Each structure stands twice: as structure tokens, then as C-alpha cells.
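A.B. asks: Use the sequences and the hints to build the structure in full.
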Amino acid sequence: MALLDIKNVSKHFGGLKAVDQVDLTIEKGQIYGLIGPNGAGKSTLFNCVAGSFAPTSGKILYNGEDITGWKPWNICRNKIARTFQIVKPFQTKTVLYNTVVGSFIRTSNTSEAEDMAMEVLKKFHLADKCNVLAKNLTIADRKRLEVARAMATDPDMLLMDECMAGLRHTEVDETLNVIREIRDRGVTIFMIEHIMRAIMSISDRITVIQFGRKIMDGTPQEVANDERVIKAYLGESYGAA
Amino acid sequence: MEAIIQAIINGSMTGAYYGLAALGLTLIFGVIKVINFAHGSLLMVGMFAAYWIIHLTGWHPYAALFLVIPMLFVFGYALQGIVIKPVLEAQREVREPTEVIIVTTGVWYVLDNLALMLFGAEFRTVKTSITGQVFFLGDYFLPKPQVYGVVITVLTSGLLLWFLKYTRMGKSIRAASLDRDAASLMGINQYRVYNIAFGIGAAIAGIVGCVLIPFYYVFPSVGVIFDVKCFIIVVLGGLGSIPGALIGGVIIGLIESIFPMFMTSTWTELIVYVVFMAVLFIRPAGLFGEKRDW
Amino acid sequence: MNPGSKKKNIDTLLKIIMAVFVFTLPLWLTSPAYLQILIFLFLFAYLTTTWNLVGGFAGVLPLGHSAYVGIGAYTSTVLFITYGVSPWMGMWVGGLIAAIVGAIIGIPTLKLRGAYFALSTMAFGEGVRVLVENTMTVGPCVINGPRGISIPLIPGNNLAAYQFVSKVPYYYIILIMLIIALFITWYISRIRPGYYLAAGGEEPEAAQALGVNVAKYKVWAMALSCFLTALGGTFLAQLTLYIYPKQILGLDFSFELAFIALIGGRGTIAGPVIGALILRPVGEFARIYLSAVLPGLHLVIYGLVLIFVMLFQPRGLVEPLTRFYDWILNKISGTAPGKEVKS
Numbered sequence: 001m002a003l004l005d006i007k008n009v010s011k012h013f014g015g016l017k018a019v020d021q022v023d024l025t026i027e028k029g030q031i032y033g034l035i036g037p038n039g040a041g042k043s044t045l046f047n048c049v050a051g052s053f054a055p056t057s058g059k060i061l062y063n064g065e066d067i068t069g070w071k072p073w074n075i076c077r078n079k080i081a082r083t084f085q086i087v088k089p090f091q092t093k094t095v096l097y098n099t100v101v102g103s104f105i106r107t108s109n110t111s112e113a114e115d116m117a118m119e120v121l122k123k124f125h126l127a128d129k130c131n132v133l134a135k136n137l138t139i140a141d142r143k144r145l146e147v148a149r150a151m152a153t154d155p156d157m158l159l160m161d162e163c164m165a166g167l168r169h170t171e172v173d174e175t176l177n178v179i180r181e182i183r184d185r186g187v188t189i190f191m192i193e194h195i196m197r198a199i200m201s202i203s204d205r206i207t208v209i210q211f212g213r214k215i216m217d218g219t220p221q222e223v224a225n226d227e228r229v230i231k232a233y234l235g236e237s238y239g240a241a
Numbered sequence: 242m243e244a245i246i247q248a249i250i251n252g253s254m255t256g257a258y259y260g261l262a263a264l265g266l267t268l269i270f271g272v273i274k275v276i277n278f279a280h281g282s283l284l285m286v287g288m289f290a291a292y293w294i295i296h297l298t299g300w301h302p303y304a305a306l307f308l309v310i311p312m313l314f315v316f317g318y319a320l321q322g323i324v325i326k327p328v329l330e331a332q333r334e335v336r337e338p339t340e341v342i343i344v345t346t347g348v349w350y351v352l353d354n355l356a357l358m359l360f361g362a363e364f365r366t367v368k369t370s371i372t373g374q375v376f377f378l379g380d381y382f383l384p385k386p387q388v389y390g391v392v393i394t395v396l397t398s399g400l401l402l403w404f405l406k407y408t409r410m411g412k413s414i415r416a417a418s419l420d421r422d423a424a425s426l427m428g429i430n431q432y433r434v435y436n437i438a439f440g441i442g443a444a445i446a447g448i449v450g451c452v453l454i455p456f457y458y459v460f461p462s463v464g465v466i467f468d469v470k471c472f473i474i475v476v477l478g479g480l481g482s483i484p485g486a487l488i489g490g491v492i493i494g495l496i497e498s499i500f501p502m503f504m505t506s507t508w509t510e511l512i513v514y515v516v517f518m519a520v521l522f523i524r525p526a527g528l529f530g531e532k533r534d535w
Numbered sequence: 536m537n538p539g540s541k542k543k544n545i546d547t548l549l550k551i552i553m554a555v556f557v558f559t560l561p562l563w564l565t566s567p568a569y570l571q572i573l574i575f576l577f578l579f580a581y582l583t584t585t586w587n588l589v590g591g592f593a594g595v596l597p598l599g600h601s602a603y604v605g606i607g608a609y610t611s612t613v614l615f616i617t618y619g620v621s622p623w624m625g626m627w628v629g630g631l632i633a634a635i636v637g638a639i640i641g642i643p644t645l646k647l648r649g650a651y652f653a654l655s656t657m658a659f660g661e662g663v664r665v666l667v668e669n670t671m672t673v674g675p676c677v678i679n680g681p682r683g684i685s686i687p688l689i690p691g692n693n694l695a696a697y698q699f700v701s702k703v704p705y706y707y708i709i710l711i712m713l714i715i716a717l718f719i720t721w722y723i724s725r726i727r728p729g730y731y732l733a734a735g736g737e738e739p740e741a742a743q744a745l746g747v748n749v750a751k752y753k754v755w756a757m758a759l760s761c762f763l764t765a766l767g768g769t770f771l772a773q774l775t776l777y778i779y780p781k782q783i784l785g786l787d788f789s790f791e792l793a794f795i796a797l798i799g800g801r802g803t804i805a806g807p808v809i810g811a812l813i814l815r816p817v818g819e820f821a822r823i824y825l826s827a828v829l830p831g832l833h834l835v836i837y838g839l840v841l842i843f844v845m846l847f848q849p850r851g852l853v854e855p856l857t858r859f860y861d862w863i864l865n866k867i868s869g870t871a872p873g874k875e876v877k878s
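Protein chains in written order, with this note's numbering: chain L, 1 to 241; chain G, 242 to 535; chain S, 536 to 878.
Keep in mind that the hints were calculated from the coordinates and are not lab data.
Computed from a prediction, not measured in an experiment: that's the story for all the values here.
One or more hints might be untrue.
[Stated by the list, open to error] A few chain L residues facing chain S, derived, Cβ under 8 Å:
| no. | residue |
| --- | --- |
| 1 | Ala50 |
| 2 | Pro72 |
| 3 | Trp73 |
| 4 | Arg77 |
| 5 | Arg82 |
| 6 | Phe84 |
| 7 | Gln91 |
| 8 | Thr92 |
| 9 | Val101 |
| 10 | Gly102 |
| 11 | Phe104 |
| 12 | Thr110 |
| 13 | Thr153 |
A virtual CB, placed ideally from N, CA and C, is assigned to each residue, including glycine.
C.D. replies: Below, the structure written as C-alpha cells:
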């Protein structure tokens, strides 16, 4: 059975159709990519799944259960975690504190939560920085913290919104390894990304969105060669080739 | 019936200068996104400036405008540059710069109580050539200073709108209010823009001071009355909206003049607060503000 | 003994000395005037500590908290005068009412952005003041509008009636209340609700994505804060035996509470206490000795201190003072600086 099933979801803002009747299915254990030109509606779709707002129409099913319109904290309790495109660490708090907030969803005992958080931080190579204030971290570390914090909630599915934006070449490779490790630990990944070589190399399947509509889905190979996708990104004049 | 119409006339005229008072605040609030709790104090400073100029020179209050406006502009510019800007800069990253609110509260306390220390708490008035004079419109009377106040309000608002729409600095101000980072990337010195916006806000407060002088008492805590009211008006009319400030002002003015006919005036105060809270809950963007993620 | 633990021992010793000093103060400082000043100092420290639960930990700026002081004071007083209920009982009723009112107001307002929340609390605070000033009676209970209520003096020390001749019992009562409030604040900051509250105050969206129902925690913090604040209101009523709207419900009072916490360091546990320790004596001194000559000077000073602190130490004076204390510890114990000991 599909883990996440987005059925005919639309999101309108006044007259603007940000997401228009999108269908999307993600199987357990996949790394699923969502790409499309800027403003296509990718983040909006994410936000519908994550509960930031409810879709105007359509259904979102998780493990067969209807989670359409659920609030973000209940989505998290339901084992779906997310990261933000513009990272939102708790700036005045330490790396450990940030992560503990995540692990508190699994226990209400502070020292247990701290132990769990340290476990997570070790896996993300942030353990030695556990007492550093989040605002003093480098941008790469902040992005790692964002993921670590989300992982501390022990999710079954992780929504990653452009987590590689602004990273250097080597940092992108590191992040790809991290994502693979997360998947190997049994977490299904749904990610938005603009860095083509990254998302093409790591995804099992990809959906392409333009102007709020899905224009195709398939394997990275299929997507790269699809005429519609090429036209969407590069413009009409490239389409014919 | 006549009494009600008179009340409507009074309320609208009062509302006009309430709106003028709120104009500076909506500009500052809308542009710099700063809650300036010292706004009432700026008004008080404007009134005292007008008072002393008229008292010492015997000029007509509207002639005093020529001195008051530049004085207050410079004062506002300096205040923003010296006190507020450092706090804003330090808080650039923060989502909600509450420190700025706190600093302006400090400024409010300092200004109001300095005035108290320097001038004493007594209520002062100035006799001007138009004090107490009245126009007659059928059975209804319109005090001259208030009528001139309305005229000045309309003129000022029109001037401000023109300035914001057609001049370079005005456009810079509008750009900075929409997105300060984008604006600064476009070569707009955002802090200079803020200084000027603040200066303009203060200058408008000065204008209000001159408008009020012929018929209002001048005393150190006069600002407090206007302060809270101005915030209510700004929220009601919509943050950053000039017509909103004026219409909001008129609404409050009308509430204040009509309701006391049916209940004590202190209950009216309560009504204003209730209206305020209602707006905050139902439509925080106000009548003309843009919808945001409140 | 290595320098690190020597420093820690000295730290503990100093703290014990301070605690003993504070607790035995009334034994040798017998002047009621000075005791009164200290009592007010502790009262403000208490009220700002309870304010801090919302204003510091939840990350919002409440500027109308005096309303809850008033609810506490008026409820216990009215119950005492009209029905003979001991203020010790009335206190809890006042606290409960304040908590409920705070929660009701909090539910819609805590969703608003910082500045709008601040404005709404001001409007509410002023609304309560106007309401009380315009009410003479509520059923059989006398409110007396702007002139306020005098609590009948019961001769002698009367524990049941919460009235004492000497200032000493008041001193200990408020000291214990302060310690309890500090303990509650400390405890909350170490358990899950405290973490959730702080997270929600700083980055609500991120906190929500981590499973935190931010609004729920903020409302609970508000209710708790209002409850405890109201208890302080009853204390104030019993201390001064005369309450009236301008004193207990004004915008000035609300602002003073906020100022003290902000200058001391909101969101920290010691901050409000330090703020009170610094500002109250300054304010009292200025008011007593200078207000005849220069009225309003103490408020000018408050304002200037506020501005300077926000410009140079926006997180409050707790930070530099903590560093200074640490420096002193180093000097006494002979530790090289940099060997920070987590106490």
C-alpha cells in the first residue's frame, strides 16, 4: 500500500490556483522528488501535506488514513516530519536544546529526551557542537540541525524542502549521503529540490509540477528525457530538440 | 434629531484631526514596521513647540507651522537615527523586533516626564485669533479652528499621498515598506529612508500640534490620550493605509461624539476598546490593510 | 583541591550567606520604613517573575498585566468585606478568576503578532480600569469606582484576616511567595512544557512542525501567570489596606512590571529579580527625594535606563552581571579566568 497518497489536491488563494488537481503517490521506503520551475506550487503542496494549511479540495491519505486538513503538530505526531526551506532554528538556544524539542514528542522526561537527542546529533555529526547556540552555527550546520531536529521526532516520513539551497558542491554530496542514510534507516523521503544533479541522482521517482499542475511523473531517466519537462524548464525553443 | 446631526458634525471634524494624528503613526508603522509607542509624545512635543512659538512670538498658529514642521522633522529624524536604528539593526534577524517597542516606550517615558519636569503639570492654553470663533451652517455651528483643522488634514494627506506616489524618496519609502531587504539591494539606503519616514511622521505630529493649539489644552501627558487612540485608529483603518487612518479617525470621532448622548462618556471609552479588540480578532488587517499572516 | 571545585564551593557559600542574610534581615533591620521598601521590592520581583512566564518564556509582550493584579486584589477584598471570607481563601478565588479571564483573553490574542498582542493587552488593561472606575456596586458588593475600597483595619495581628501590625510577617510572606514563584519558573523551564513554550515563542512554525500545539501552551502559560499575579494582588491589598484603580490598574503599573523584567532580562529566572533590585531602589530614591523639586524624574530615569539597556544589552542586565559575578568568584578562588564552572 502507498504510504502517502495525494488525491486530486488543489489549493487556491483567492483567484490564484497555486496547486491544481495534483495526484501523487509515494511508496514506503522511496526517495520521492518534486521538481518544477520557481513558483510552480511545490512548497504549497508540501504545506498542504504538512498541515500549514488545508487544501481547497482533494484528499491526502497517509497509511490509508485521511489526514487532510490536520494541524501540523498532529501531522508530526502521526510520524511525518518536515524541514523548512528557510531554516528556522531556535536561535537563542543550543543545538542540544533545539533537538530535545524534537525528541520530546517521544518522551516527557527531560533527561531521556536529552539522551535521545544526543543519539540523533551523533548520527548527524553535530554532537560536538551540542552546546553551541544555534545562531552561531554556519549555514551548513544549521541545515543539518534542521534535519536532525526533525529526525529526533522519529518520523516514518520526512518532508525536505530545498534543503540543499545555498550549499557548496561538497556539502551537497554530504547531504545526499545523509539522505541515503536516513532512507536506509527506514524513513521515506519526499523532497523538493532545485539542484538537478542532486535530485536526479537520489530520487526513485519524480513528479514535475508547473503552474500548479502535474505535467508528468516517472523515474529520473524518464523525467530528464521528457519533452514537456524540458520545455517547462528551458522554454519552448528547446522543446523541439 | 438636530442634536444628533450636530454630534455627527462634531464627531467628523474631531475624527479628521484624529486621523491626521494617526497619519504619522501609520506611516511609521507601515514603513518601518515599528510600533512607535512614543508617537503620542511626539504629538506632545509638537504641541509644546507650537505653544512656545506662539506664546513667544504671538504668531498665528498656522504661521507657526513653518517653524514647527522643520523642527519636528529634525527631531524625528534624529530620534530614529540615534535611538531606534541601532536597535533595529541588532534585531535584523529576529522575526519580531520587540526590542524596538520597548525602546520607544522608554522614549515615551523620557519625553513625557522631561516635559513634566521642565514645564510642570498645569494645563495651558493660548489665545489665538481664531480661538472660539465659529462658522454657522443653518442651525449648526462649526468652530473655526476645527474647520481649518479639517482643511489642513485633507491638504496634508493629499500632499503625503502625492509625495509617496510621485517623488523618488516617496517611492523609496514605499519600496522599503514592502520589502526592506529587496529595497536595500536596489540601492535604497534603508536606514536613511527610515529616518526620513520617521521625520515625516514627526513633522505631521507637529502639524497636529499647531492644529490643536487653538482649542486644546497643552500639558505633558496630552500625548497619552492620543497615543492609544492613534494605535486603535491605525489598526482599525489598516496598517500603512493613509485613507484608512483618516476614515478610522472619523469612525472613532463619531463614536466619541454620538455614544455619549446615550451613555456616560466613560462607557464610551470602553466601547472604543471593545471595538479595537473586535477588529483585532475579526480582521486584524483593518479596513484597508493588506491581509497577512497575523 | 582543584581550582574548579574551590570556585564552586565559594559560589555555594556565597549563595548560602546571601540566603541567610535575606532571611534574617528583619531581625536586625527594624525600621518599618526600610522594611516596607524591601517588601515592595520583593513584591515587584514576584509580580515580574509571574509576568515573565508569559512575557519571557512565551515570547510575547504583555502590557496589561496590572489588570490581573487588580482582579486578585478586588476579588479577595470584596469577598472579605461583603461576605467575611478570609483573604487567604479569597486569594484563591481571585487567582482562579484571573486565570480564567486571562485564558479567555489569551485564546484570541496570543495568535496575534507581537506588536498586536502588546496593543491588545494594553487595550484590555485599560478597559478593565475604565470598567472598575465606572462601577460603584456589583450586586451586594461595593466597588466604589475611582475612589477605591478601604479594607477595615482589624486591630492586632490577625492571621485569619491577613493583617498584621508589624511589617515583619508581610516580609516573610512575600519572600516565600517570591521563592515559590522562582521555583515554579525554574521547574517549568526544565520540563517539556517549558521547552515547548520557549520553542513556540521563538519560532512557532518550527515548533508546530515538531509536534507542539503552540497556542495551547501559550494559553496555559497565560492562565498560570495570571493566577499567580492575582495572588500578588491580594498581598498588595492586605499590605496597604486601600486599593483604588489608578494605583492598581493603571497602564503605568503594567509598564513598570514589563520594564523591570525587560531590564533585568526577560526569559531568564534571575532577570526579574535583578531588574527589581536595580530599578526599585532607584525609582524610590528619585521619587522620595527628588519629586518635590523635579516631578517625574524617576520615570525619566526608568525610561533612560530602559533605552540604554535595549541599546547595549537587549537581553537584559542578567548577562553582564552574571559575568561580573563570575569574575569575582575567580578572583576570590584564585581560578584563572576561562575555567567556567557550570553551577
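A.B. asks: So, for every hint listed, does it hold in this structure?
C.D. replies: Now for the hints, and whether the structure bears them out:
{"no.": "1", "hint": "Ala50", "verdict": "7 Å, holds"}
{"no.": "2", "hint": "Pro72", "verdict": "4 Å, holds"}
{"no.": "3", "hint": "Trp73", "verdict": "5 Å, holds"}
{"no.": "4", "hint": "Arg77", "verdict": "6 Å, holds"}
{"no.": "5", "hint": "Arg82", "verdict": "5 Å, holds"}
{"no.": "6", "hint": "Phe84", "verdict": "7 Å, holds"}
{"no.": "7", "hint": "Gln91", "verdict": "7 Å, holds"}
{"no.": "8", "hint": "Thr92", "verdict": "7 Å, holds"}
{"no.": "9", "hint": "Val101", "verdict": "5 Å, holds"}
{"no.": "10", "hint": "Gly102", "verdict": "5 Å, holds"}
{"no.": "11", "hint": "Phe104", "verdict": "5 Å, holds"}
{"no.": "12", "hint": "Thr110", "verdict": "6 Å, holds"}
{"no.": "13", "hint": "Thr153", "verdict": "6 Å, holds"}
In the structure shown, no violation is registered for any of the earlier numbered hints.
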